[in-house]
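J.: Residues per chain, in single letters:
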Amino acid sequence: MAADLLRMDDYLAQSLTRPPRANDTVATTGAIDPAVIVSLDEAWEEGEPDLVVELIDLYLGDAPQWVESMRAAAAGVDARVLKRAAHTLKGSSGSLGVRQVAETCRMLELSCSESAARVEELLQQLNREFATARAALAAERLRRVA
Amino acid sequence: MRVLIAEDDTVSRRILETLLRNWGHEVITTLDGEEAWQALHELNAPALAILDVMMPGVDGLEICRRVRELGGATPPYIILLTAKHGARAIVDGMEAGADDYLTKPYDRDELRVRVQVGVRIVELQTRLAGRVKELEGALEHVRQLQGILPICCYCKKIRGDQDYWQTVESYIADHSEAEFSHGICPNCYETTVKDQLASFRALVQPPV
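Respectively, the protein sequence lines represent chains A and B.
The numbering of the first sequence is the working numbering, which starts it at 1 and goes up by one.
The numbering of the second sequence is the working numbering, which starts it at 1 and goes up by one.
Possibly wrong hints are sitting among the right ones.
Stated by the list, open to error - If we take Cβ atoms under 10 Å as the criterion, some of the chain A residues that face chain B in the derived model are:
| # | residue |
| --- | --- |
| 1 | SER39 |
| 2 | LEU40 |
| 3 | VAL145 |
Claimed, not checked - Derived Cβ-Cβ restraints for the label pairs, each shown as a range:
| # | chain 1 | residue 1 | chain 2 | residue 2 | range |
| --- | --- | --- | --- | --- | --- |
| 4 | B | LEU145 | A | GLU45 | 53 to 63 Å |
| 5 | A | ALA138 | B | ALA87 | 34 to 44 Å |
| 6 | A | GLY61 | B | ARG66 | 52 to 62 Å |
| 7 | A | SER39 | B | ALA138 | 30 to 40 Å |
To be verified - Computed list of chain B residues with no C-beta within reach of chain A, every gap over 12 Å:
| # | residue |
| --- | --- |
| 8 | LEU43 |
| 9 | ALA47 |
| 10 | THR82 |
| 11 | PRO105 |
| 12 | TYR106 |
| 13 | VAL142 |
| 14 | PRO150 |
| 15 | TYR164 |
| 16 | GLU190 |
| 17 | PHE200 |
If you're looking for bench data, these hints aren't it; they were derived computationally from the structure.
From a predicted model like this one, the values you see are computed outputs, not experimental measurements.
The beta-carbon is built from N, C-alpha and C at its ideal position, and this holds for glycine as well.
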């Protein structure tokens, strides 16, 4: 833990008691699949930190970099990097139930060699969906650590 | 069981780690293909590996090929875990040397039972490797007692591997699991021992 703290910017203590379950009313706007959150809560073990909070932190830490990487790859017409970033963000989003972002990433992965206009259209869609998902995940996190 | 996971996506990796630890496994985490390959060909490598197919550097399929080329008596059991769907992807994965294949998003129970199958196969493989080693040892003993043995026509000693003449019993004891108990056969009793006993008796009991 001490080593981890050295690499962190900040630290927020969280309860080691049972996390609030998704069906205790998930703070969702449709951006997050409640069934996935329920399923992740089921993997939680007594005495462990809330897994969903941990995953939200990981996701919100990594996803913006993948989005940025896709945008840079599209600008540089690098289909390989675009496909790779779309693939990773698709997996990450799917694992956390961020289904619309996962679906747009899937389309980007398939369309990365298509016209620049189509890629740009999908990237703009991804930006909107990611903004919605980020807000929903932040709300869910807040609800759990409150 | 020690299970290696190779997954570059942090969220998927953390979920996988949590599930495997909950199921009682020791998890060795790697972040890309190169790291996974290093871990899989060192001494005491994990016996079971769950690999993402699409990773930076060496991908999951290439790791499967390299591991199979290594051979060995107890190769790791490999499950490929990937977002690639379709029969072609499964065929490619299995042909590269994977033992099993699961597509994302996966069902947790399905992953759990597939890992259990892997554990059973690894345990069976380990037991079989142990038996093969025992049998090879036994076969080596049998081989040592085969062939033409030079034996002295008079004293019946056998010339051993180091040109050293040994009694039959010490030679056999050295080259097999046999042990000897010593006795006298009826023929030797009649031809040798009986006369010797009579001579001894004559010495200790002079004729009256």
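J.: Check each numbered hint against the structure and report the violated ones by number, ascending.
T.: Per hint list: 3, 6, 7, 10, 11 and 12 violated.
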